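Undergrad: Protein chains in written order, with my numbering: chain Y, 514 to 949; chain C, 514 to 949; chain Z, 514 to 949.
No lab work stands behind these hints: they were computed from the structure.
Among the clues, some could well be false.
Where chains are identical, the list cannot tell them apart; a pair therefore holds if satisfied intra-copy or between any two copies.
What the hints assert, rightly or not - Straight-line Cα separation of at most 30 Å, DSSO-like style, residue types lysine-lysine; simulated pairs:
{"id": "1", "residue 1": "807", "residue 2": "914"}
{"id": "2", "residue 1": "914", "residue 2": "735"}
{"id": "3", "residue 1": "735", "residue 2": "807"}
Only a predicted model underlies this, so the values are computations on that prediction, with no experimental measurement involved.
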Amino acid sequence: MTRGKKGLGLLMGLPIALALYLGFAPGAMAEEISIEMFTINNLWILVATFLVFTMHLGFASLEAGMTRAKNVVNILFKNVFIISMGILVYAIIGFSFMYPGEFGGVFGWAGLGLDPGPDGQTMAYDPGFTYYTDFIFQAMFAATAATIVSGAVAERIKLPSFMIFSTVYVATTYPIVGSWVWGGGWLDEMGFMDFAGSTLVHSAGGWAALAGVILLGPRLGKYVGGVIRPIEGHSMPLVTIGVFLLWLGWFGFNGGSVLTADPDEVSYVFVTTAIAAAAGIFGAMATSWTVQSKPDLTMTLNGALAGLVGITAGADVIPVFWSAVVGLIAGVIVVLAVLGFDRIGIDDPVGAISVHAICGVWGTLAVGIFGGGSFVTQLIGVGASGLTYFITAFIFFAILKATLGIRISETEENRGLDIDEHGMEAYGGFQIFTSK
Amino acid sequence: MTRGKKGLGLLMGLPIALALYLGFAPGAMAEEISIEMFTINNLWILVATFLVFTMHLGFASLEAGMTRAKNVVNILFKNVFIISMGILVYAIIGFSFMYPGEFGGVFGWAGLGLDPGPDGQTMAYDPGFTYYTDFIFQAMFAATAATIVSGAVAERIKLPSFMIFSTVYVATTYPIVGSWVWGGGWLDEMGFMDFAGSTLVHSAGGWAALAGVILLGPRLGKYVGGVIRPIEGHSMPLVTIGVFLLWLGWFGFNGGSVLTADPDEVSYVFVTTAIAAAAGIFGAMATSWTVQSKPDLTMTLNGALAGLVGITAGADVIPVFWSAVVGLIAGVIVVLAVLGFDRIGIDDPVGAISVHAICGVWGTLAVGIFGGGSFVTQLIGVGASGLTYFITAFIFFAILKATLGIRISETEENRGLDIDEHGMEAYGGFQIFTSK
Amino acid sequence: MTRGKKGLGLLMGLPIALALYLGFAPGAMAEEISIEMFTINNLWILVATFLVFTMHLGFASLEAGMTRAKNVVNILFKNVFIISMGILVYAIIGFSFMYPGEFGGVFGWAGLGLDPGPDGQTMAYDPGFTYYTDFIFQAMFAATAATIVSGAVAERIKLPSFMIFSTVYVATTYPIVGSWVWGGGWLDEMGFMDFAGSTLVHSAGGWAALAGVILLGPRLGKYVGGVIRPIEGHSMPLVTIGVFLLWLGWFGFNGGSVLTADPDEVSYVFVTTAIAAAAGIFGAMATSWTVQSKPDLTMTLNGALAGLVGITAGADVIPVFWSAVVGLIAGVIVVLAVLGFDRIGIDDPVGAISVHAICGVWGTLAVGIFGGGSFVTQLIGVGASGLTYFITAFIFFAILKATLGIRISETEENRGLDIDEHGMEAYGGFQIFTSK
C-alpha cells in the first residue's frame, strides 16, 4: 500500500485540487489522469473503506461467539471501544506517524491532527484519491491491530488496562512500523513487499496478542494438571457470521490496497484473495479431519482467515495458482499452530496468534517464494517488525501489569466480566419457554 | 439532499436522456458533464442505496436484541413489514408528495405512482443520476422513519394498529414535511439546512415515537411504585450487530446525500460521519461510566447512533474538528436523555426518542453553530417540523386508540406477542444440552 | 447475463488489453468505450461480486436459523464448505463448461483452469470488464445452487455424501445447463430469456433439492400417523438476518447481471428487484394471515425471497408495475407451495424447493407474460433445464445412496449431527444465569 509520499503527493495533487476547486475542468487535467478517472479511483477507495469498516463487526461477532456467554458484553464493549478509539487516535497521532512525508525512514512526524494542505481540503495522491479518503481508509486499518489483540486476551483481562494498551499501541507502534514500509521508510527502500498488511496489520496484532497472553496466563480451568480442557465458545452462528464478514471486508482490505480502481489489478486481487480463502478452508478442513478425526467448524473457519491473512502480503503479485497453494498451506499451518500453542500452554481463545502472527509471517515470506520478492528481504522485514511489535507490546503490558494490573480476580473470572465490569448480562432478557 | 426540482431536472435531463438513448455519445454531453461522470455519480447513489437498505437490517437486529425473547418474532415481523410497506407506499404516494416539482412550498403532488417522464425511462437530475436511482435511494430513507417508531413502542403495541399507523405516517407526514426542505419548499427557501436528515428522517421517527409512547404507556412491570425496574434486552450481540450495521449504512445515508460521487465532498462526509460516531461512543461511554459508575454497553452503542444522528444534518459543512465535538456532545446528551425519559415514565425500550428526536434536534441546531447556518432558521425548522411530526403522529395514534385500540391485553403482554400475534416462538427449536 | 463469447470477447478485449498494458491511453480506445467507462463498468461488477458473496452468509444464517440447535454446526459447516468448494471447482472446471466460447450449444469446454488469454492478464468483454472480474462474479453465482440444496436436506443427510454431491453438481450440471443460455448455447439461440438466473441458478438449486429430499425422506417425527408435526427453527433472528442479507446481495445478483454500470439499466433493475421483494412480502403475509389465520414470520420472509427469485429472470424487461404483480403472485405461491409440499410429505426445513424451484419457474414464465418474451420458449427452457437438473441430481443422489449412503442413523438424528459429525455443540459455552 506504499504510495507517493505526502510531499510529492501534494505537488501532484495540486493540479487536481485546482481542477476540482474550479469545478470540472478536464482541460486542466490533460497531463494528469482525467477527473472521471480520479473520481472512480476515489470512489473505489471509499467503497473499500466501508468494507474494511465491516471487518470490525466481523471481529466483534467472531470474538463474541468464541467466548462464553458470561463474557460477551465485555468483548463486544471492547470492540466498540476499539473502532472509536482507533479512528480518533489515528486522526490525532497515527496518520501523522505512518505517513510523515519525507523522513529518515525510521521515525517521522507530519504534525498533530489532520492537515489536508494549503488548498483547504483536497489533496490528491497519484493516481488519485483525496486526502480525506486516504485518511479514512487508513484509519479503518489502524484499529484492526488492536481488535486482533482483544480476542486473544479475552475472558480475563482488566478492561481499563486493555483500553490503555490498545490506545498506546495504535498511537505509536502500529503507525511507526507501518511508516517503515507504507510511509516509504527503510524497509520500503530495501524492497520489502507487504501489499495490504500480512505483516504491517495482521502480525502487528498477532505479536501483540502473544505478548499479552504470555503476561496474562491462561484462563482458569483451561489447563488443569497438565490436561488441556477445551473451553467452548457460546455461539457458532456468531463465529461463522464473523468470519464471513471478515472475508467480505477483505475484498476492500486487499482490493482497496491497489489504491486505484485499475480493472486489471483490482479484479486480479479479488481472485487471488477469494481463492486463497477458499483454499485455506480446504487446508484447515482436511488437516482438522485428519488430526482431530472430525471436521472442526472453528478450525475450518480459521482456515478461511488463515488463507486471507496469508495472501494479503502478495495478493497483487502472486500467480493465481500459487495463491491457492499459499492459502492451502496457511490453512494447514493454522490448525497445527492452534493445537501447538495449546500444547505449550498459550491460551488464545480465538486463535488470533496462529491466524494473524503465524500466517502473517507465512504470507509475507510467501511473497519471497511465489511473488518475485527477495526472500532475505522479506525475512528481514518480518523479523525486524515482529521483534518491534512483540517487544513494545510486551513492555506496554508489563508496565500495566506492574501498575494497574492486567488480570481480573478469580471471583470475577468465575462470575464473568459482564456482571462485574459492566453490570449487565448479554442475555438478560433471554428465556426459553418451549414446551417441546 | 435538496436538488433541482423535477421540472428543471427534466429539462436538464433531456440531453443526457437523449445521449443515453442514442448510446454513449459524449459529444452530446459537451455542455453537460460527461457520460462517464454521470455514470459514476449514478453508481455511487446506487451503492449508497444498498447501504441505506442495510440500515433496515440494522434496526431489525438492534430492536430485536433490546426486547425480551417472547416479543422477538413480533419486532422482527414489524421490521420486515416496514421495509416492504415503505418501498411500496413511497412508490405509490410518498415520492410524489416529497418531490412535487414546482409547488407552493407547503404541500404538493406530482401524481400517483412513478413517472419517469416523457423519455420513457431516463430522467437525470443535475449533476447526474436517473429517475429510478433517485426514487430507490429516497424510498430506502422513507421506511426509516417508521422503523424508528417500532423500537419505541415495542413489546406492547397491537400489530394491526402499528401497521396502519406506519403506513399512514410514511404516506403523508414524512414526505410532506420532507418536501418543505428537500422538495424545495418553504423551509428550503428560508435557508434551513438539513443535509441528510437529522430532522427530516430521524426526528421524524423520534417525535412520532414519543407520541406513540405517551398514548401507549409503559410496559407492565417497568415502573412499580415509583421504582424504575430495568427490563433487559435478550441479546447484546444482536444489539451490537445492529448498531454496526447502522453505522455501515450511514456511510451511504450521509455519503449518498452528496448526490454525486464528488471526491472532495464524499470523502469529507465519510470523515465527519466516522469521527462523529467515534466521538459519540466516547461521550456516551464516559458519561455512562461517570453517571452509572460502570460502562454500559447499550448506552455506549447508543452513543454511536447519537453521534451519527447528530452529524447527519451538517456532515457536509461542519469542520472535522467540530464534527468530533458534535458527536461527543450527542453522546453525552443521549445518556442523559435516556435516563431522563426513564425518570419521567416515558418507557422507550430502545432509546429511540433520545437517539433520533433529541439528537436529531441537537444535530440540526449544530449546523447553526458550527456549520455556517442561521441558528434562528434552524430553530424555526426544528420547531415547525417537530410540531408537525408530533401532532400528526399523536392524532393518528389517538384515532387508532379510540377505534381499534393500540395496546395489547395484559395476558398477552405477559405471555408475549410472539405466541398470540404470530403463533410461534423466536427460539422454538432452541435447546441447550451442554453437560459442562 | 449472456454476453460476447470468449472468442469474440478476446478479440474485442485486445485493444483494451493493449491500452491497459500500455497504461492509460484513451486514444487507443477511440472506437471502443473510454477507459474510464471500462473502469466504471468493471468496478460495478466487482461491487456486485462482493454483494453476491454476501448472499452466502445470508444462506448460512437463514438455514442455521431454520434448523434445531443440535444441527446448527453441521449446517454452518456445509455453507462454509460450499463457498470454498464452489470457488475452487468453478475455477478448475465450471467456468470452462459454462463459457466454452464457440461450441455446439449443448456441451462445450474451454480448457482446464483459468486462462486469461495471450495478453497475460487482461481480457475484456464488450462493453467492459476483465477476465478475472468475469470469473469471480460468475464463481459467486456457482456456489449458490449447492447452497440452496443444503437447506432442504438439512438435519438428516450424511456430511460426506452431501459434500460429494454438491461438488459434482457444481462441476457439471450447473455450468453445462448454464452454457445453454449464458454461454450462448441452444436455449439462448432460441431466444430463451433468463436475465439473472430464476432458472439457471435458483431452479438449479431447487430441483436438486427436490431430488435430494425425495431420496432422503422426511426428518424423524415430522409426519407421525398422517399428522404433520411442525419442527420449529431455533432462531428467528438468524432467519431474518439471513433474508435481509440475501435481499442485499440480490442488488448485486440482479444489478450486476446488467454487466455494465449503465445508469438506466442498473437503476431500473434495482427498482424492479426491490419492488418485487416488497410485493412478495405483502403477498406472503396476506396469504399466511388468511390461510394460517396468523401472520407467520418465516412465511413472510420466504415471501421476500419468492419475490426476488420471481423477478430475477425479468428484472431488466418487466415494467415496474408488473414487477410488483410478479412479486405479489410469487409471495402467494410460496406460502401455498410450502403448505402443499408439507401435505404430500416432502419435508423441506427451509422451504427451498418452494422458493427456488417453484418461484424460479414462475419468474421465468413471467418473462413470457409481462416481459416481452415468448411464453412457449420460456416453457421449453424451464422444462428442458428443470428435467436436466432434477434427473442428474436424482442420479447423483441415487448413486450415493446405493454406495456411501445418504441418510444418518436414527441415533445420530436424535442426538443431532453436531456431536457425531463434528464433535462439538453450537452453543457449548452458552448458559443463562438470569435471576429475573
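Undergrad: Against this structure, judge whether each hint is valid.
TA: Now for the hints, and whether the structure bears them out:
1. When the C-alpha separation of residue 807 and residue 914 is checked against a cutoff of 30 Å, the pair qualifies only between copies, where the shortest distance is 22 Å, while the shortest distance within a copy is 40 Å.
2. Taking CA atoms no more than 30 Å apart as the test, residue 914 paired with residue 735 passes inside one copy only; the shortest distance there is 21 Å, against 42 Å between copies.
3. Within a single copy, residue 735 and residue 807 get their C-alpha atoms as close as 22 Å, and across copies as close as 28 Å, so both meet the 30 Å cut-off.
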